[in-house]
Amino acid sequence: MLFVHNIKIRVQRDVLVSTLCTTLLGHAREANLAQLHIKKFLDHFVLLEYASGEVYVPVETYDIIKSLHTSNPSIVSHGALGLTEPPYIGRWHGLIRIELMDNKICELPQSPDCPKLEVLLLQGNADLLDIPDSFFDHMPLLQHLDLSYTSIRDLPPSVSKLTQLKKFYLRGCDLFMELPPQIGQLKNLQEFDLDHTLIIHLAEEIRELINLQSLTLCFDRYHHLLGHCKKSKKNSNSTIIPPGVISNLIQLSYLSINVDPEDEGWNENIISVLMEIFGSDTLETVNIYVPRAELLELIPSTRFLNFKLVVGHHVKRFISRVTPELEQKFENCDYSIKFVNGENIPNGVKMNLGHFKALYLDRHMTIKNLSDFGLRNLFGLQVCILAECNEMETIVDGGYLHDEHALPNLEFLSIFYMKNLRSICESPEHSFLHLKSIALHTCPMLTTIFTLESLYNLPLLEEIIIEDCPKVTTLISHDSPEQKTMAFLPRLRMITLLYLPELVNIFNGLHVEQALEKMVFYYCPKLQSLSKWELSSKSLKIIKGENKWWEALKWNVAEWGDAGRPIFLEPIFSPINEEADILTQLAAHQGFMYLVIFSYHLSKFHDVGGKQMIIINK
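Numbering-wise (our numbering), the sequence shown opens with residue 1 and increments by one.
A couple of the hints might just be wrong.
Distance condition first, Cα-Cα at most 27 Å in a straight line; then the derived DSS-like pairs of lysine-lysine [claimed, not checked]: (1) Lys187 to Lys167; (2) Lys544 to Lys554; (3) Lys538 to Lys471; (4) Lys526 to Lys554; (5) Lys532 to Lys554.
Just the calculated beta-carbon pair ranges, DEER-fashion [what the hints assert, rightly or not]: (6) Gly398 to Met351: 22 to 32 Å; (7) Lys526 to Glu559: 35 to 45 Å; (8) Ser529 to Ala80: 45 to 55 Å; (9) Glu393 to Leu81: 50 to 60 Å; (10) Met351 to Ser320: 36 to 46 Å; (11) Ile75 to Ala126: 19 to 29 Å; (12) Gln110 to Ile210: 54 to 64 Å.
Derived from the structure by calculation, the hints contain no laboratory data. A virtual CB, placed ideally from N, CA and C, is assigned to each residue, including glycine.
Build out the structure end to end from the sequences listed, making use of the hints.
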């Protein structure tokens, strides 16, 4: 019997035969022919059959049938079917919605007659290079047009006919270079996305889009487009964003401007753009690159927007210490600031830091600890990423605390490549009270992660990740035997310990509460035994590690008895293949953990670890 997970519908074979005879073959006596058709479907795995005689429709078959047949004749839904040309062009006259995304379409009809069409989805057709000049001539009601991730270079003149268009997406059209003057005719446009295109300046005609509410721009390819040559002022084109354009968009609530940090033209343009932003009465969210920290002093104190800022001059690197997934998730955080290549503490940063919920400090040259920013300015911080701040020795300096709480609302702390970091917090009182996750990567001088005192301030901690910290011997530094009967970290669910050559124990004999579910180990050669207190959680579901390490573990007779490794641990151990890439094997696991971390801060996440299996019993 074939065991199948992805079942959508099931039915008894005799019922299917009867239905096939009467509805498709036209006569109830055609049972033999119906059986023959069913056998062909089974032979080609279009249908699947159990020994019980039930016939199953897999999810894949169901999805294809659904895409080929719709109860609404005004909709064509043919996404991701490998089409090389649009189907049913002769029927477009009566269509309201056409979905042809993620196909291989390379050519569109010259001038289709679509008087009722409201939605046209063509995104993901990477082979589509051109749109015929008259393509939009007969689409007077079109409201939603998505050409994202196609290879188009420009828009046809007929785009001016789309006077009812409200949503227009060109995201990821990485050959698209210039907007036509006709773009100003789209006066009902509300959302316009030009992210990851090759445009080098914004068309003047954009100022005519007075109903625009969301505008996403990208000038990030500008430097590369000119072959890494600086443009002279003599040959300079128009400014990147012409003056008066933003201030004329009187309905604009969301603005995102992605700029190449090496583009000198932006340095000349930024002040006028900022002044128009600050003068807007409708803007709520602004994502923008600010090359100089002192420009933050221009932010009015009377109205602070949902800023997503990148501050400080930097050169984009092909390889970042921080994972791309984490970078992307930080970009999705509201009220965020990424401060790059900073020196000292600029007044513009310090005076506005209290408004932000997410901080990413990347390669700061001089900072010793976060206390230098002023703990009051960090009170509302929920997310913190620190990378390559090589003068930082501790995260919070106890000398700054006095009666103040240190990072009381921080939930996520991630640290990468801090070569002088020695401890997390020198004075633990009132620190990190809401911390849910801590991740420490490549901190060669780090010796102290938690102290016994700091554990009392971590009632919400769910996850610990420690990687490549060669001086770490234990997660908890203490020498108080009387505390060993107490339980700590009541919500801790996951621990990941990778490349810790000096690690000799996990919790230094302390008792962890019953919430721990997952433990992952790799290259911890001196971790030769696991304490009963460390494995006491009844919720423990999986332990991952090298098989040789697991087999060589010693089990203290006083704790575990003479039998050695407890039987209940056998089914929950999952070996790591040492010949394979450890990062590849743990990718899904790490991705899940980061998902948990950011779920509070982001509006929506999707589990992409596998297909959801559905069984419908009727």
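Right, here's what the structure says about each hint:
1. For the hint pairing Lys187 with Lys167, the CA-to-CA distance comes to about 11 Å; that is within 27 Å, so the pair holds.
2. Proposed proximity of Lys544 and Lys554 is supported: the alpha carbons are some 17 Å apart, at most 27 Å.
3. Proposed proximity of Lys538 and Lys471 is contradicted: the alpha carbons are some 31 Å apart, above 27 Å.
4. Taking the CA atoms of Lys526 and Lys554, the gap is about 11 Å. The hint holds against a cut of 27 Å.
5. Restraint check for Lys532 and Lys554: satisfied, since their Cα atoms lie roughly 12 Å apart, inside the 27 Å limit.
6. Distance hint check for Gly398 and Met351: the Cβ-Cβ separation is about 25 Å, which falls inside the suggested range of 22 to 32 Å.
7. Take Lys526 and Glu559: their Cβ atoms lie about 19 Å apart, and the range 35 to 45 Å is violated.
8. The supplied range of 45 to 55 Å is met by Ser529 and Ala80, whose beta-carbon atoms lie about 52 Å from each other.
9. The supplied range of 50 to 60 Å is met by Glu393 and Leu81, whose beta-carbon atoms lie about 58 Å from each other.
10. In this structure the supplied range 36 to 46 Å is violated for Met351 paired with Ser320, their Cβ-Cβ distance being about 29 Å.
11. Our hint of 19 to 29 Å for Ile75 and Ala126 holds, since their Cβ atoms are close to 24 Å apart.
12. A hinted range of 54 to 64 Å is violated for the C-beta pair Gln110 and Ile210, which are about 32 Å apart.
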